[in-house]
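Chemist: Starting from the given sequences, assemble the full structure and let the hints guide the process.
Protein sequence lines correspond, in order, to chains A and B.
Each residue of the first sequence is one higher than the one before, counting from 8 in the working numbering.
Each residue of the second sequence is one higher than the one before, counting from 8 in the working numbering.
One thing to keep in mind: the hints can contain errors.
As the list claims (entries may be wrong) - Facing chain B, from chain A, some residues (calculated, C-beta under 10 Å):
no. : residue
1   : CYS143
2   : ALA148
3   : ALA154
4   : PHE177
5   : LYS179
6   : ASN180
7   : MET290
8   : ALA301
9   : ALA312
10  : ALA319
11  : THR332
12  : LEU415
13  : GLU416
14  : VAL419
15  : GLN420
Said to hold, decoys possible - Here are the computed distance ranges between Cβ atoms for each label pair:
no. : chain 1 : residue 1 : chain 2 : residue 2 : range
16  : B       : ALA33     : A       : GLU428    : 51 to 59 Å
17  : A       : GLY327    : B       : GLU263    : 55 to 63 Å
18  : A       : GLY41     : B       : LYS265    : 24 to 32 Å
19  : A       : LEU384    : B       : ARG413    : 47 to 55 Å
20  : A       : VAL159    : B       : THR69     : 31 to 39 Å
21  : B       : PRO346    : A       : HIS277    : 40 to 48 Å
22  : B       : GLU9      : A       : GLY104    : 51 to 59 Å
23  : A       : LYS179    : B       : LYS244    : 28 to 36 Å
24  : B       : ALA33     : A       : GLY41     : 29 to 37 Å
25  : B       : ALA33     : A       : PRO346    : 22 to 30 Å
Hints listed in this document are in silico derivations from the structure and should not be mistaken for laboratory results.
The structure presented is a predicted model; accordingly, all values stated were derived computationally and were not measured.
Glycine included, every Cβ here is placed at the ideal spot set by N, Cα and C.
Residues per chain, in single letters:
2 protein chains.
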Amino acid sequence: MEPLRIGLVGLGTVGGGVGRILEQYAERNALRAGRPLVIQKAAVRDLTKPREIELSASQLTTDPFEVVTDPSVDVVLELIGGLDPARKLVETALEHGKDVVTANKALICAHGQELFRKARELGRTICFEAAVAGGCPIIAAIGQSMASNQIVSLEAIINGTCNFILTEMFHKNVSYADAVKKAQALGYAESDPAMDVEGTDAAQKLGILTQLAFGTRVVPEQFPVQGINTLDLDDLKYADELGYAVKLLATAKLVEGKLELHTQPTLLRHQRPLAQCDNAYNMIELTGDSVGKAWFSAMGAGQMATASAVVADVIDLAIGRAQLTFLKLDVWGSHTPVPLQEAAEICRRYYFRFNVEDRPHVIADLADVFGRHEISLASVLQKEASEVDESGESHPIVPLVFMTHRTLEGSVQAANRELAELACVRAPWVCLPVAD
Amino acid sequence: MEPLRIGLVGLGTVGGGVGRILEQYAERNALRAGRPLVIQKAAVRDLTKPREIELSASQLTTDPFEVVTDPSVDVVLELIGGLDPARKLVETALEHGKDVVTANKALICAHGQELFRKARELGRTICFEAAVAGGCPIIAAIGQSMASNQIVSLEAIINGTCNFILTEMFHKNVSYADAVKKAQALGYAESDPAMDVEGTDAAQKLGILTQLAFGTRVVPEQFPVQGINTLDLDDLKYADELGYAVKLLATAKLVEGKLELHTQPTLLRHQRPLAQCDNAYNMIELTGDSVGKAWFSAMGAGQMATASAVVADVIDLAIGRAQLTFLKLDVWGSHTPVPLQEAAEICRRYYFRFNVEDRPHVIADLADVFGRHEISLASVLQKEASEVDESGESHPIVPLVFMTHRTLEGSVQAANRELAELACVRAPWVCLPVAD
Chain A
8 MEPLRIGLVG LGTVGGGVGR ILEQYAERNA LRAGRPLVIQ KAAVRDLTKP
58 REIELSASQL TTDPFEVVTD PSVDVVLELI GGLDPARKLV ETALEHGKDV
108 VTANKALICA HGQELFRKAR ELGRTICFEA AVAGGCPIIA AIGQSMASNQ
158 IVSLEAIING TCNFILTEMF HKNVSYADAV KKAQALGYAE SDPAMDVEGT
208 DAAQKLGILT QLAFGTRVVP EQFPVQGINT LDLDDLKYAD ELGYAVKLLA
258 TAKLVEGKLE LHTQPTLLRH QRPLAQCDNA YNMIELTGDS VGKAWFSAMG
308 AGQMATASAV VADVIDLAIG RAQLTFLKLD VWGSHTPVPL QEAAEICRRY
358 YFRFNVEDRP HVIADLADVF GRHEISLASV LQKEASEVDE SGESHPIVPL
408 VFMTHRTLEG SVQAANRELA ELACVRAPWV CLPVAD
Chain B
8 MEPLRIGLVG LGTVGGGVGR ILEQYAERNA LRAGRPLVIQ KAAVRDLTKP
58 REIELSASQL TTDPFEVVTD PSVDVVLELI GGLDPARKLV ETALEHGKDV
108 VTANKALICA HGQELFRKAR ELGRTICFEA AVAGGCPIIA AIGQSMASNQ
158 IVSLEAIING TCNFILTEMF HKNVSYADAV KKAQALGYAE SDPAMDVEGT
208 DAAQKLGILT QLAFGTRVVP EQFPVQGINT LDLDDLKYAD ELGYAVKLLA
258 TAKLVEGKLE LHTQPTLLRH QRPLAQCDNA YNMIELTGDS VGKAWFSAMG
308 AGQMATASAV VADVIDLAIG RAQLTFLKLD VWGSHTPVPL QEAAEICRRY
358 YFRFNVEDRP HVIADLADVF GRHEISLASV LQKEASEVDE SGESHPIVPL
408 VFMTHRTLEG SVQAANRELA ELACVRAPWV CLPVAD
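Modeler: This is the structure we're talking about:
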């Protein structure tokens, strides 16, 4: 059969991995795809840089637009990430009659709807399994395997870098800063880790999953997003003592006809499978109205897990299955998208940690604020102050941890504003949600 | 669009669940499938029995062959299980131009190859996601999402009934017999639980997964299969003390170009996700040569998880995707199927428990047998005998637990035969493999 001719845009970490699978397992890929998968052309930044795969000079270019307009290319793999020029490259590829496989969550989250519309108008297909959760086939799970279900809840650890950092902090007893350095040394974190550690990357992926599962288009600006960059090792330890692990959790769930959405460091009971997902692994817990709970877990960062998903999409395109799936993607949600729950109306339990002055009436002052905002306290953890006080404060400063019963996010925010006025409270001040 | 007309063969537990999804979510199903899914005809055993869904008298028949030959039926759902008459019904359906969806692992394991060949000759499709692991989309994972990988290892808890029984024994501190009764009361186990507890059901499912992942056709008679029906609560407790959970584990893995296969109660380190899969849930741990490890978990027993998988297959057929997948199924393995590893050559660690006489030289006698068979002991656990002996034996009888280093199954069998001759050893006598 005719080969499927691939145009690679980007030969970095993921692109290099894709190249390796295409080169190393060419025979196997051809068998499974029903036709050979060949790299026709590849755009790179630097022609002189050593590469993981062998490509001839005529196959290489520094101009990605040369790849996406090349008449001999059937499918473009967009693996450079970011919005610009990725968006223009994908549009141009579609206009030139090419199908597109992308691992670009920022692009799909921000412009998926327009790009999908354009692709459909042009009779082309966009595949993006690799954009969410690396080696977990979560796009296929929602769009195909769970098609007989309405997803009612989706809770996910979908940033491998953050999960690695949190695991490292807790198990190796190191600070956030040291764990970030380790993640960078291992290639899990970028030199500027902001997109990961501030929660943006996970929130973008949640946006994509939400659109698929609930038909609601959202961008991270529309729901609470909090990163792990303000977390302290102490909080991981206090949470553990209370029976919880802390994970960067992306949540989308139906609550009384509305969609509750957030991406935040969250306390999860040790017994839950999500709490046991460590290192750079991802895990998604889906709840469907027929199937009940289902879990998907695999590596969420690193070269080969993502490359594996990209090549699976290419095989799907070669077989013709991806085209059928893509035509159906817009109907996974309900006809009328589910409206978003107001952030203030989200009802959960919360974990609070303050540093407070160790003197009479402090707990009473704090508890008074909570009480007036209808926040009921479930437990209090106060450690004795060290006998030797070196802080120079008139009273020693001690950490105080509260766990609340279920309460509204709006009440928590209002209480937080009042607590900030109290003289007895010092930084750091941590307020984290608790998953059910 | 034209509706997809369904012929249901079997309206028992799974059939009833399928009927409920088709009836209750007709609008949603039509949206996702691109056409209405309607029940055209259904074969039941007893026309007078109350049913979960409403069907008119003209839709019902007691003759399943009436369903599979009905010209107005497009797709037959075979949900009666067993080999006879299921095989004949599926063949007849194919011959009458119908696609088939089945949840019948016994049928696919025993006759999948012939049925698939017949279907291909007739241009028809057989879907069987529901035959393995209930709500886990493991067939789709191997055949599609992991298509860019060679699976190198597959370890699976794929019998929800056994997993429920083992969980119940360990966590509720009850005997095997009592746990079976509870499983029956909850509808997880049949009145004759033999197929589940003897390991046959899990072994059949392993046979199906093995054919998909490695291209090797196997039936349970060709590899070691051991059930949970000889397990004692004591072994679950000793294993726990040593750091392991005991699970009915189905394993298929590539070892030096050969395929190691077995389905046995197996010790798994507490830290492994498989060890933490409890109750009637299933979990499959796949290792691909690109993606690394991936886990899939969902309910493995019960009505709705299986029904969810059946309806997902029907939607896949309605979209036309299942037809494309089915054409490719025979190439998932290598061209030349991987040969089976001889059972005697399988190399693992083992757990032994004997009841032995509490007198001098017993451990030496046992250790001598192990030593002569080149079996190296990793640890020994012996509890003190009770002060009061009521056994009537000349010496009190005490349990003795050994953990070995890696050794050959053949050596273990030879040692077992010699140990049986020793006067100091009493029943029960337990020998279980340990997963790496």
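Chemist: Confirm or reject each hint.
Modeler: Each hint, compared with the structure:
{"no.": "1", "hint": "CYS143", "verdict": "holds, 7 Å"}
{"no.": "2", "hint": "ALA148", "verdict": "holds, 6 Å"}
{"no.": "3", "hint": "ALA154", "verdict": "holds, 5 Å"}
{"no.": "4", "hint": "PHE177", "verdict": "violated, 15 Å"}
{"no.": "5", "hint": "LYS179", "verdict": "violated, 16 Å"}
{"no.": "6", "hint": "ASN180", "verdict": "violated, 19 Å"}
{"no.": "7", "hint": "MET290", "verdict": "holds, 8 Å"}
{"no.": "8", "hint": "ALA301", "verdict": "holds, 4 Å"}
{"no.": "9", "hint": "ALA312", "verdict": "holds, 5 Å"}
{"no.": "10", "hint": "ALA319", "verdict": "holds, 5 Å"}
{"no.": "11", "hint": "THR332", "verdict": "holds, 7 Å"}
{"no.": "12", "hint": "LEU415", "verdict": "violated, 32 Å"}
{"no.": "13", "hint": "GLU416", "verdict": "violated, 31 Å"}
{"no.": "14", "hint": "VAL419", "verdict": "violated, 32 Å"}
{"no.": "15", "hint": "GLN420", "verdict": "violated, 36 Å"}
{"no.": "16", "hint": "ALA33/B x GLU428/A: 51 to 59 Å", "verdict": "holds, 57 Å"}
{"no.": "17", "hint": "GLY327/A x GLU263/B: 55 to 63 Å", "verdict": "violated, 37 Å"}
{"no.": "18", "hint": "GLY41/A x LYS265/B: 24 to 32 Å", "verdict": "holds, 28 Å"}
{"no.": "19", "hint": "LEU384/A x ARG413/B: 47 to 55 Å", "verdict": "holds, 53 Å"}
{"no.": "20", "hint": "VAL159/A x THR69/B: 31 to 39 Å", "verdict": "holds, 38 Å"}
{"no.": "21", "hint": "PRO346/B x HIS277/A: 40 to 48 Å", "verdict": "holds, 44 Å"}
{"no.": "22", "hint": "GLU9/B x GLY104/A: 51 to 59 Å", "verdict": "violated, 31 Å"}
{"no.": "23", "hint": "LYS179/A x LYS244/B: 28 to 36 Å", "verdict": "holds, 33 Å"}
{"no.": "24", "hint": "ALA33/B x GLY41/A: 29 to 37 Å", "verdict": "holds, 35 Å"}
{"no.": "25", "hint": "ALA33/B x PRO346/A: 22 to 30 Å", "verdict": "holds, 25 Å"}
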